[in-house]
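Enquirer: The lines below spell out each chain.
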Amino acid sequence: MAEALEILFTASFWVAAIRIASPLIFATMGELICERAGVLNLGIEGIMVAGAFTGWFTVYSGGDLWTGIAVAAATGAAFGLLHGTLTVPLGLSQHVVGIGITLLATSLTYFTYRLALPEVTSPPKIDSFQPLEIPLLSDIPLVGPALFAQTPFTYLAFVTVAVVGWVLYRTPLGLAVRAVGENPAAVEAQGIGVTATRIGAVMAGSALMAVGGAFLTMSAFNSFFFEMVNGRGWICIALVVFGSWRPGKALLGAVLFAAFDAYQVRLQQVTGGVIPYQLFLMLPYVLSVLALILVARRATYPKALMIPYQKGER
Amino acid sequence: MTATPVLHLHNITKHFGPLVANDAISLELRRGEVVALLGENGAGKTTLMNILFGHYVADEGTVEAFGKALPPGDPRAALEAGVGMVHQHFTLADNMTVLENIALGTQSSWSPRFDRATALARIRTLAADFGLAVEPDQTVANLTVGERQRVEILKALYRDARVLILDEPTAVLTPIETEALFATLKKLVASGLSVIFISHKLNEVLAISDRVLVLRAGRLSGERETKGTTRQELAALMIGQEIAPPAIAEATPGPVLLECEAVCAAPASGPVGLESVSLALRGGEIVGLAGVSGNGQTTLAALLSGIHRPRSGRFRIAGEAVETWSPAIALQAGVARIPEDRHAVGTIGDMSVTENVIAERYRSPRFSRHGFLDWAAARGFAEELIRDYDVKCPSPEARVRLLSGGNMQKLILGRALDPDPKIILANQPTRGLDVGAISYVHQKLLEARARGAAVLLISEDLDEILTLSDHVCVMFKGRLSPPSVRGERSVRELAELMAGHGMEAA
Amino acid sequence: MRLEPKSAPSLAATLAYPAGAILATMAIAAILVLAAGASPLSVFALVAKGAAGSQFALLETLTRATPLIFTGLAVAVAFRAKLWNIGAEAQLYAGAIVTVVLGTGALPLPAIVLIPLIMLAAMTAGALLLLGPAFLKTRLGVDEVVTTLLLNFIMLLVVSMLLEGVLKDPMGLGWPQSERVIAEAKLPRIVSGKRLHYGFVIAVIAALWVWVIMKKTALGYEMRAVGHNPAAARFAGIPVNTVLMKTALLSGGLAALAGFSEVSGLKGNLTLDLSPGFGYTGIVVAMLAMLNPLGVIAAAIFVAGIFVGADAMSRTADVPSYIANVMTATALLTMVTAIMLTRYRIRWR
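Chains as they are written, first to last, in this note's numbering: chain L, 13 to 326; chain H, 175 to 680; chain D, 690 to 1038.
Excised from the complex, chain L in its bound form (with noise of 0.2 angstroms):
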């Protein structure tokens, strides 16, 4: 078996590993934001599959590819405004809602895409970002190709960790969102709301969900098909709990978790087929469950997660 270890010292692993990360890190930094400041946003994998949608329909309709991110996060935005409205002033069921936003973005999208393109049979593609090799930097052996060859996507997921980590952790307004998710009360006896605080929260973090769905159209897979989130969203939530709410944590799960993907399809072709594909294909949603298994006894949710906040009540 050293083909199977062999697969870890090539380049194009881990070139691969840092392209299937990327769309999660958008998603997993976005529902790490809606979760720190207490709401649980399921629609994430709705949200993921209008970003791919809008940001490819942008591109496609001769948008410059930078717009087609802007117009993934702005829809993202939207449907958060929509899960803000509902779960926080009105305190409706964030299981309950965070499905029915799934439900009603991924429909939504799917409509669109057959209204917009009625006639087609095989998707159309666009012309997605081409990688960007950092001078000096791209040259280092595997290191080199894996984090500086890569699109300018990519280059955004990274950057948005960073800029999430700064924010949380370094601003004032990340430390009012970080009081909202452990305790409400607190943010509005400062003379802060908690409302606006919350639903600002599940704006931004729900156009990040997008944005990483429009990687997989602008960045990845060149074109929109139905069903090609997969799941993603859901593993996005996962690795939120398995980066115990740290962005930097999280990153590295995500990136952890993609090299195990990048891994089981290259582990595949060295396998040759004695054993079923489906069962590298649910390798990933394994590794969800377990890494969810792994870290539940020692998780410290943020303590107001999922607890709607009425003004006054104690």
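If you're looking for bench data, these hints aren't it; they were derived computationally from the structure. All clues stand as given, with none of them false.
With a straight-line Cα cutoff of 20 angstroms, these simulated SDA-like cross-link-like pairs (lysine to any residue) come out:
no.: 1; chain 1: D; residue 1: Lys904; chain 2: H; residue 2: Arg543
no.: 2; chain 1: D; residue 1: Lys695; chain 2: L; residue 2: Gly103
no.: 3; chain 1: D; residue 1: Lys904; chain 2: H; residue 2: Asp548
no.: 4; chain 1: L; residue 1: Lys315; chain 2: D; residue 2: Ala920
no.: 5; chain 1: L; residue 1: Lys315; chain 2: H; residue 2: Ala518
no.: 6; chain 1: L; residue 1: Lys315; chain 2: H; residue 2: Val319
no.: 7; chain 1: D; residue 1: Lys904; chain 2: H; residue 2: Glu571
no.: 8; chain 1: D; residue 1: Lys857; chain 2: L; residue 2: Gln290
no.: 9; chain 1: D; residue 1: Lys904; chain 2: H; residue 2: Phe546
no.: 10; chain 1: D; residue 1: Lys905; chain 2: H; residue 2: Ser538
Derived CB-CB ranges, DEER-like:
no.: 11; chain 1: H; residue 1: Val319; chain 2: L; residue 2: Arg182; range: 27 to 37 angstroms
no.: 12; chain 1: D; residue 1: Ser699; chain 2: H; residue 2: Ser500; range: 37 to 47 angstroms
no.: 13; chain 1: L; residue 1: Ser256; chain 2: H; residue 2: Glu558; range: 44 to 54 angstroms
no.: 14; chain 1: D; residue 1: Ala697; chain 2: H; residue 2: Ala302; range: 50 to 60 angstroms
no.: 15; chain 1: L; residue 1: Gln322; chain 2: H; residue 2: Gly241; range: 32 to 42 angstroms
no.: 16; chain 1: D; residue 1: Ala920; chain 2: H; residue 2: Glu497; range: 21 to 31 angstroms
no.: 17; chain 1: H; residue 1: Pro429; chain 2: D; residue 2: Glu693; range: 45 to 55 angstroms
In this text, a Cβ means the ideal position worked out from N, Cα and C, and glycines have one as well.
Once you have looked at the hints, place chains H and D on chain L.
Expert: For chains H and D alone, coordinates are given in the frame of chain L:
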């Protein structure tokens, strides 16, 4: 006295449906004075403060701070005008540091960087000036209750509060911590701040305030200079007619019904568990458990209720060793439980009165057969309790959430006492209730004692403990003092024990 | 703004808000139809006609409603106890697998014995599948939402693996499908020559059964108590974890019956597209029914009608049939809002 008024509440009236929470209340606070707002629970103190802080909007009346009217319904307005509040239940984020809690909301939300150094320096200065020792980088979860209160006071001072409102600040403090708090308040007033001290404890009001305003049933029933008033006068203003303390018959001690021997347990919630606790409850007696909250009472209550298990030690009910233990087994063994938190643990708010009253006994033959519930019997039982315990509710079908705290407690009491339990565990049974409801609860506990039940009364209210208990134990950091019989220890001695003095020897 | 509980919601409000939710859903659908360049009224008419305009349409709607009643019940039961079973899809497939394993000739028994046996086995499989997540939730605190969701994906891959492996139909021309169930394992048709089968009757009986459990039995009472306030339930002596386990068994079993009924009553074999998301749609059905087991029957028929009607409509009008999915998702969100408004009053001050 003709000092400048720093805060002026004028003619505040607030209705909640048919209930008048505040009826034309006016209050004036001057620079450098401590005004006590005295009143029973439900007298309208909290509503008044919620109006001041913009959480509620008054139906009538105005609020002025430093000569400027505050816009109604805006929580920021009072804060920005320099009015700070320390709530009875602290509003702190446990998993964040002291510094983060204090500085939260004080810097522009859109600033790209949180200025930690400035915040740290300012907290250090304030803490030194007013004797409020805290470590800014500690996580709040690791602080004692007294330290948390200091953080709350610092929060207000950090925002340049000129007026500080403290809602029942001593309820959670040891007598020694209370003295430290009073010292801090004196320093604050000396430096020109003004303080509103909300309380229902007469001694404290007399000790700290310059002026007393007494509220009763939503109305201002009197205003006195502290120097010129007496305890009796204030009590009369607060309660109306003095409710006579319950007449307590001589105890007739029966056999030991519940016994703990060297019981150790991990904390049920919060930081403190039990360390080698020994306790015996006899029939026909009330044992009072005094102590500042958070010293292991929750764990002991959880243990006796059946929702927690001991780590070591022996535990006997009516002489028989307890092997397996759960709420259901506790109920079967004749232990009645009145939990500390009526809303979160005592009742299921979204279920009906009927559904709530059978919660502990729905599997008994009285209410079910072969797994099928007898709703007619359940409804009959609910009607019986509503009648016998004088519960005010629209019907047995009403959701319990809609009941007042007192009526909820009567329902819990009825449910627990109906089967004539041998052992009664009453954890903070009167917290947050009005005078009438409190005396009702006391009367029921005494009735149970008279018919031979063993009662364990856990309370933060030392007066309640001293009035009702045949024996008093003090709990401190998970340890239990030896019991003293009625009148054996002075209040001062009990206070010393509550602060942990002499507990090591115990 | 604040939410104040209403003392007793009036009958008018109990009816008006859900009606408003349906109207809002229609309005949103109308906008989409306009966007598609069609007339909302004629499209709605086409949907209604396609759903209930003929005996054929009506029977088709009831056929489509059958699996939705099962999954709707599964969700309603679980959500009552606040066990967030989003995995009805996986449990459905578990039931379907058992049905083809036992129903394709392995057990040469008469129908009267074989069908109940298969049902029992299918329910057991679905129940066991949900027991895992319920166990992880109660023992380790692992959120069941994510685990049940992920199980959906895992289960579909298991089915795919089986259909290309041990369960593959040798006569299937290479398609990933199982052999067909034998005649003794088939549920008979209710109207001969039409697709509606006795699975529908079983579904209605199941709804009645669940209604009795929820309203009349101690178990139903326990489930509601645990759902509303687990801490209080535990304090009162209700064995919370055991109740959650029982809930999981019941819920998983009901969802598995959807798989059994689809294979045994309608499709005859197992394929990868046996369920077009019946498990997820079950959530919509349960919420529309406000978690009432009898309401689930009506809600399932309503939702099935939208799907069947939209399919028919899209064959003539240029409006994608996905409008049905949009409508059900919208109905879910508007309905939960409506239920909240019947119970609480919004106070702006």
